[in-house]
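Q: Protein chains in written order, with our numbering: chain R, 1 to 325; chain G, 1 to 325; chain X, 1 to 325; chain P, 1 to 325.
By construction, these hints were calculated from the structure, which means they are not laboratory data.
Bear in mind that the values here come from a model prediction, so they are computed numbers and not experimental data.
Honestly, I wouldn't trust all of these hints.
Claimed, not checked - These stretches of chain G come out as covered by chain R in the derived footprint (C-beta under 8 Å, 3 or more residues):
1. 8 to 22
2. 277 to 285
What the hints assert, rightly or not - Distance condition first, Cα-Cα at most 30 Å in a straight line; then the derived DSBU-like pairs of lysine-lysine:
3. X:Lys292 x X:Lys140
4. P:Lys140 x R:Lys140
5. G:Lys140 x X:Lys88
6. G:Lys140 x G:Lys292
7. P:Lys140 x P:Lys292
8. G:Lys292 x G:Lys90
Claimed, not checked - Now the in silico label distances, taken between C-beta atoms and shown as ranges:
9. X:Ser158 x R:Gln139: 56 to 62 Å
10. P:Gly108 x X:Glu57: 46 to 52 Å
11. R:Glu279 x X:Glu64: 49 to 55 Å
12. P:Gly108 x X:Ala155: 41 to 47 Å
13. X:Glu64 x R:Ala243: 25 to 31 Å
14. R:Lys140 x G:Ser185: 44 to 50 Å
15. P:Gly297 x G:Leu29: 29 to 35 Å
16. G:Asn290 x P:Pro22: 27 to 33 Å
17. R:Asn290 x X:Pro242: 47 to 53 Å
18. P:Gly108 x R:Arg289: 16 to 22 Å
19. R:Lys140 x P:Arg298: 54 to 60 Å
C-beta atoms are modelled at their ideal positions from N, C-alpha and C, and glycine is treated no differently.
There are 4 protein chains.
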Amino acid sequence: MNYSIFGESHGPAIGVVLEGVPAGVAVDLDFIRAELARRAPGKGPLSTTRKEADEPEILSGVFEGCTTGTPLCAVIRNTDTRSKDYAKLKDLPRPGHADFAAAVRYGGYQDYRGGGHFSGRLTAPLVFAGALAKLMLNQKGVEITSSISVLGGVADPSPEQVEEIVLAARQDGDSVGGAIACTVSGVSAGFGAPDFGCNAEGIFSQYLFAVPAVKGVAFGAGFGFACMRGSEANDPFYMDGPAVRTRSNCAGGVNGGITNGMPIAFEVAIRPTPSIAREQDTVDLSRGRNAKLVIEGRHDPCIVPRALPVIEAAAALATCELMGI
Amino acid sequence: MNYSIFGESHGPAIGVVLEGVPAGVAVDLDFIRAELARRAPGKGPLSTTRKEADEPEILSGVFEGCTTGTPLCAVIRNTDTRSKDYAKLKDLPRPGHADFAAAVRYGGYQDYRGGGHFSGRLTAPLVFAGALAKLMLNQKGVEITSSISVLGGVADPSPEQVEEIVLAARQDGDSVGGAIACTVSGVSAGFGAPDFGCNAEGIFSQYLFAVPAVKGVAFGAGFGFACMRGSEANDPFYMDGPAVRTRSNCAGGVNGGITNGMPIAFEVAIRPTPSIAREQDTVDLSRGRNAKLVIEGRHDPCIVPRALPVIEAAAALATCELMGI
Amino acid sequence: MNYSIFGESHGPAIGVVLEGVPAGVAVDLDFIRAELARRAPGKGPLSTTRKEADEPEILSGVFEGCTTGTPLCAVIRNTDTRSKDYAKLKDLPRPGHADFAAAVRYGGYQDYRGGGHFSGRLTAPLVFAGALAKLMLNQKGVEITSSISVLGGVADPSPEQVEEIVLAARQDGDSVGGAIACTVSGVSAGFGAPDFGCNAEGIFSQYLFAVPAVKGVAFGAGFGFACMRGSEANDPFYMDGPAVRTRSNCAGGVNGGITNGMPIAFEVAIRPTPSIAREQDTVDLSRGRNAKLVIEGRHDPCIVPRALPVIEAAAALATCELMGI
Amino acid sequence: MNYSIFGESHGPAIGVVLEGVPAGVAVDLDFIRAELARRAPGKGPLSTTRKEADEPEILSGVFEGCTTGTPLCAVIRNTDTRSKDYAKLKDLPRPGHADFAAAVRYGGYQDYRGGGHFSGRLTAPLVFAGALAKLMLNQKGVEITSSISVLGGVADPSPEQVEEIVLAARQDGDSVGGAIACTVSGVSAGFGAPDFGCNAEGIFSQYLFAVPAVKGVAFGAGFGFACMRGSEANDPFYMDGPAVRTRSNCAGGVNGGITNGMPIAFEVAIRPTPSIAREQDTVDLSRGRNAKLVIEGRHDPCIVPRALPVIEAAAALATCELMGI
């Protein structure tokens with residue numbers, strides 16, 4: 001199964017095409033909508049005020065409620081697009097955003113309105129695809145869960161702490177970054193290979209780094225390994241009835257690029273939202289000189305809570321590839 | 001350019017095939033040998049005592065000293081293979097190693113001697129490929145450097161500290177992990193894309209996680225982003241003569257999956273060598289019961305110093321893919 | 001540049017996603033519509049009576065009239081879908097069609113109405129993609145032309161012969177096959193490689209066999225080589241001013257998988273439309289017994305004339321891949 | 001499973017790396033050698049006089065007689081290389097050969113001795129890979145056979161006719177082309193898909209066009225479809241006990257890119273060997289002027305008989321990809 005995400009924040013629609021979907025998967029639209037709702041903005045004091053239904057229209061690949069096995073395309077129309085907010089940004093790349101890199105990459109032809117193809121809004125079709133992947137994985141006993149492991153420097157924050165941290169950042173006209181811990185359980189041992197293009201960690205990382213704002217991916221003890229000795233890092237094997245298991249899971253469920261039957265556990269680092277209310281230093285590309293920038297409009301001070309279903313979606317698609325679904 | 005690494009630790013030979021190599025690259029064998037020597041074991045008190053020349057034989061793709069543009073195969077013969085050390089490990093998977101995962105994955109047909117295809121020795125052909133990639137990149141002004149950023153919990157250790165930390169681990173019959181910081185400078189802005197399979201971070205991570213023992217990859221501020229605010233994380237733009245640059249490089253040279261012209265900077269986490277002298281808990285796969293294991297033979301207490309040229313090799317190959325070389 | 005075509009004949013819409021489109025290509029919608037019109041049915045006595053506008057809606061990847069470089073999605077709504085014609089075919093696979101193979105492949109979940117994803121209608125998005133590719137190729141001096149080389153056994157038929165052959169088949173409640181000769185001129189020497197996945201003929205054939213009804217692909221003298229000697233088959237080189245050219249083009253512009261600067265010339269075999277008015281032998285899949293089938297509804301007695309822009313589209317996409325566009 | 005073939009005719013060795021080989025396949029070296037012997041030159045009056053053992057050395061991926069599942073590399077040393085025969089050809093591209101196209105493609109860095117990487121000798125590692133694929137396919141009940149369908153214009157020639165045709169060409173200092181019919185039986189219905197990159201005919205053609213000298217690929221009735229009507233071309237279904245079969249096999253076992261359970265039947269066109277004894281017109285690339293060329297040395301007047309195992313090998317690898325082996 002592979003996917004292509006298309007669309008721009010202020011174009012007619014965004015969407016996804018999935019090729020290689022198995023035939024006969026019951027498309028539970030309520031579940032898909034619920035996943036999209038987890039990602040959707042505009043739900044409270046913590047988020048941007050842009051409100052869109054994010055209602056997917058399935059154009060192909062589903063017949064009488066089930067996948068047909070042929071390419072599945074779903075689109076979500078853009079309805080709430082206020083282009084005027086963005087016009088002045090054309091020549092003033094926003095620090096931390098892809099504006100400058102994209103202007104070079106695409107020779108100035110990119111749709112700069114609202115981040116264009118780089119907009120966080122493009123994670124909606126990813127969540128659609130991930131929801132479909134979850135439906136398939138659930139049938140095979142695979143479950144994916146995630147939680148905020150760090151927010152603004154606070155480890156394992158409670159919901160109250162999350163609200164407090166985000167509101168404080170908003171009050172300061174600023175934003176905060178975090179990290180998300182994700183676990184894929186129910187994948188049996190023996191998927192993956194050590195080689196380039198086949199190893200479990202490489203497959204996951206490819207999907208995870210395709211999520212905007214992800215800047216780090218680490219499995220099991222991750223960067224904690226740098227402070228450990230082998231005697232701590234090695235997960236001792238033991239028999240759990242007829243099953244071989246490990247007492248700890250420092251390896252995050254993967255040895256030598258192959259799953260070992262323990263939960264696949266990883267953490268991703270999420271950079272703070274680059275769009276902040278404060279004045280920032282930038283350059284004026286049309287005049288080739290330094291400039292000041294104040295970004296107006298509606299912006300999340302923190303996307304980490306909304307990123308949970310997105311990271312799960314990327315993990316679900318990675319798991320499908322790993323398991324050959 | 002893509003590569004296939006083949007071989008087993010105790011088979012006839014290991015090697016690599018490179019497809020898509022540009023024609024006309026002068027193959028500087030002295031440089032390649034020097035890179036292989038940086039990785040080679042047996043050079044001092046800090047390393048395993050296995051000694052092999054690691055002399056590559058180029059079977060194809062080079063004619064009159066230059067690459068031909070057709071597939072290049074290089075092999076390194078295995079000469080110093082003492083198989084008896086490993087026979088008893090067949091049914092006793094070593095904790096932290098891929099033994100168990102591989103036994104499931106390959107149905108017991110894998111070559112278990114010395115880690116087989118999972119052996120760290122397989123990084124020698126990777127270094128060969130990376131050395132060739134470096135030769136091409138150097139012609140384009142791209143330089144790759146790396147250093148140990150953490151060893152056994154100590155940040156930016158001096159050579160004396162490295163020796164001390166490794167010797168202490170050896171004395172304890174243990175091993176230590178670390179982290180490596182790597183920088184790719186000279187890549188201009190505009191390479192990569194935000195999409196799956198094309199984004200700069202995804203490409204790098206795919207190569208880096210294919211290196212045995214790498215368990216985490218993070219760009220720029222990496223997991224530090226989880227403790228930062230947007231106002232700290234955003235790299236302010238300024239004009240440096242006619243060039244657009246950023247005052248900081250928290251993004252690690254990549255925005256939205258596209259290079260921004262600043263050095264590509266990343267860090268990888270390296271797990272401690274799983275082979276340690278201490279007795280460990282494992283299982284006996286042939287009898288389905290718990291067992292004790294003492295690993296004999298020669299083993300590195302720390303592979304981090306030898307991993308520097310390997311990480312650079314992976315980065316060089318990733319850079320070639322990113323730049324379309 | 002790669003493409004994914006999606007849609008079913010009687011679903012909401014068909015379409016295509018193109019990834020890797022270069023930025024800055026002026027999207028000449030009049031040209032694209034003209035190409036779609038060449039393929040469209042319902043234009044005369046020779047064709048099916050299904051009439052649809054085939055008006056593409058571009059959802060993404062185009063901004064202010066030019067491609068942005070990010071994925072381009074275009075959809076064509078299905079409006080004239082009379083599903084009742086097809087209901088009875090569910091259990092009676094039509095000879096020559098994919099009905100039976102698809103029922104096995106997709107476990108009965110395929111959309112069987114009007115051929116579903118196998119419908120010739122799916123060539124409309126292919127023509128859209130090919131038209132865009134032609135716009136890019138024209139800028140580089142590459143031109144693609146095609147003609148009917150055989151129709152119903154008649155070589156190089158005149159328009160009058162085409163009409164006569166098709167009408168005769170229709171009168172007999174039958175259909176006719178043919179062959180199309182296509183030439184891609186303006187590709188300079190040196191594109192392609194001998195190796196799997198890179199050779200020019202392999203690349204072209206991959207695109208051409210993805211066109212429904214194509215059953216053969218041959219370059220230059222093609223199957224005529226089987227009756228030739230080397231002295232006839234070898235194209236003699238000569239200097240044409242500073243350019244190296246060949247006096248004949250038996251090789252079809254490709255030697256050893258690499259273009260030689262002469263026009264890329266190939267022929268494709270097109271099977272007769274399987275949907276014919278005559279009663280045919282088939283099986284009843286639900287009862288596991290032999291059955292008779294009469295296909296009702298509207299059907300082309302010959303798709304060869306309409307296939308010309310489709311073959312050109314496939315050739316245009318193949319040329320883009322070959323030239324690294 | 002994918003393969004990379006490397007080597008040059010007059011370099012140290014040629015070989016192949018196979019990735020994705022299933023673990024546990026018994027490597028029947030006698031069978032592999034027999035397949036290589038079918039391809040080997042120097043066996044009679046019909047062939048070149050170059051004699052080499054073509055003994056493969058397996059460097060990796062096989063342990064205790066079975067495949068390990070990790071990459072398998074096999075090399076064949078070049079021993080009988082008389083480079084002097086070819087030196088003068090450096091600037092005089094041989095008509096019908098890849099010499100000129102390669103010189104442009106590789107900027108003059110290609111190994112021109114004996115055709116270098118373009119040599120027919122490179123089909124030996126392909127036969128090695130195909131033999132391994134056949135061993136796997138045989139376990140699944142798949143058989144591959146082939147025969148000469150046309151030689152020098154004679155259809156279905158007897159062995160006596162083959163000898164006569166080839167000797168006549170040799171006497172004339174010329175060579176002859178032909179066609180090979182190949183059948184893959186035992187593949188059940190439901191493999192493949194209509195889409196680009198997945199369809200059965202596209203997969204086969206990709207492998208077949210990677211064989212030097214193949215200039216056409218056609219399935220079932222192939223180019224004969226151009227002279228047929230639908231009523232002849234449609235294969236009528238019938239029940240054969242519980243199995244659905246077709247009375248004819250014009251489709252060559254594939255409908256809509258998916259296997260239908262009938263034998264996969266195809267034909268390939270093989271161009272006459274370009275190396276002939278007669279004087280030919282060419283150009284002198286170093287002087288930019290017309291020139292005459294007489295090719296000396298040993299050359300096959302006809303490679304069609306030796307191509308049988310090569311086409312079967314390509315078909316075997318294609319079948320493995322199609323069936324997901």
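Q: A separate judgement is required for each hint: does it hold in the structure or not?
A: Hints, one by one, checked against the model:
Counting residues of the region 8 to 22 of chain G whose beta-carbon sits less than 8 Å from any beta-carbon of chain R gives 0, not enough to reach three: the coverage restraint is violated. Here's how the region 277 to 285 of chain G fares: 6 of its residues keep a CB closer than 8 Å to some CB of chain R, so the rule of at least three is met and the hint holds. Using a Cα cut-off of 30 Å, the hinted pair Lys292 (chain X) and Lys140 (chain X) is violated, with the two alpha carbons roughly 54 Å apart. Of the pairs offered as hints, the one joining Lys140 (chain P) and Lys140 (chain R) holds, with about 26 Å between alpha carbons and a cut-off of 30 Å not exceeded.
The suggested pairing of Lys140 (chain G) with Lys88 (chain X) is violated, with an alpha-carbon distance near 65 Å, which exceeds 30 Å. This hinted pair does not check out: Lys140 (chain G) and Lys292 (chain G) have alpha carbons roughly 54 Å apart, beyond 30 Å. Proximity of Lys140 (chain P) to Lys292 (chain P) is assessed by CA-CA distance (about 54 Å); at most 30 Å being required, the pair is judged violated. At roughly 14 Å between alpha-carbon atoms, Lys292 (chain G) and Lys90 (chain G) fall within 30 Å of each other, so this suggested pair holds.
Range check, Ser158 (chain X) to Gln139 (chain R): about 59 Å between beta-carbon atoms, so the 56 to 62 Å window is met. Remark: the range hint 46 to 52 Å for Gly108 (chain P) to Glu57 (chain X) is upheld by a beta-carbon distance near 50 Å. Restraint check, Glu279 (chain R) to Glu64 (chain X): a C-beta distance of roughly 29 Å breaks the suggested window 49 to 55 Å. A hinted range of 41 to 47 Å holds for the C-beta pair Gly108 (chain P) and Ala155 (chain X), which are about 42 Å apart.
Between Glu64 (chain X) and Ala243 (chain R) the CB atoms are about 60 Å apart, so this pair departs from the stated range of 25 to 31 Å. Taken as a hint, the range 44 to 50 Å holds for the pair Lys140 (chain R) and Ser185 (chain G), whose Cβ atoms sit roughly 45 Å apart. As the Cβ distance of Gly297 (chain P) to Leu29 (chain G) is approximately 32 Å, the hint placing it in 29 to 35 Å holds. Separated by about 32 Å at the C-beta atoms, Asn290 (chain G) and Pro22 (chain P) satisfy the suggested range of 27 to 33 Å.
Here the CB-CB span from Asn290 (chain R) to Pro242 (chain X) is close to 51 Å, well matched to the stated 47 to 53 Å. For Gly108 (chain P) paired with Arg289 (chain R), a C-beta distance near 47 Å fails the hint of 16 to 22 Å. Checked against the hint of 54 to 60 Å, the pair Lys140 (chain R) and Arg298 (chain P) passes, with Cβ atoms roughly 59 Å apart.
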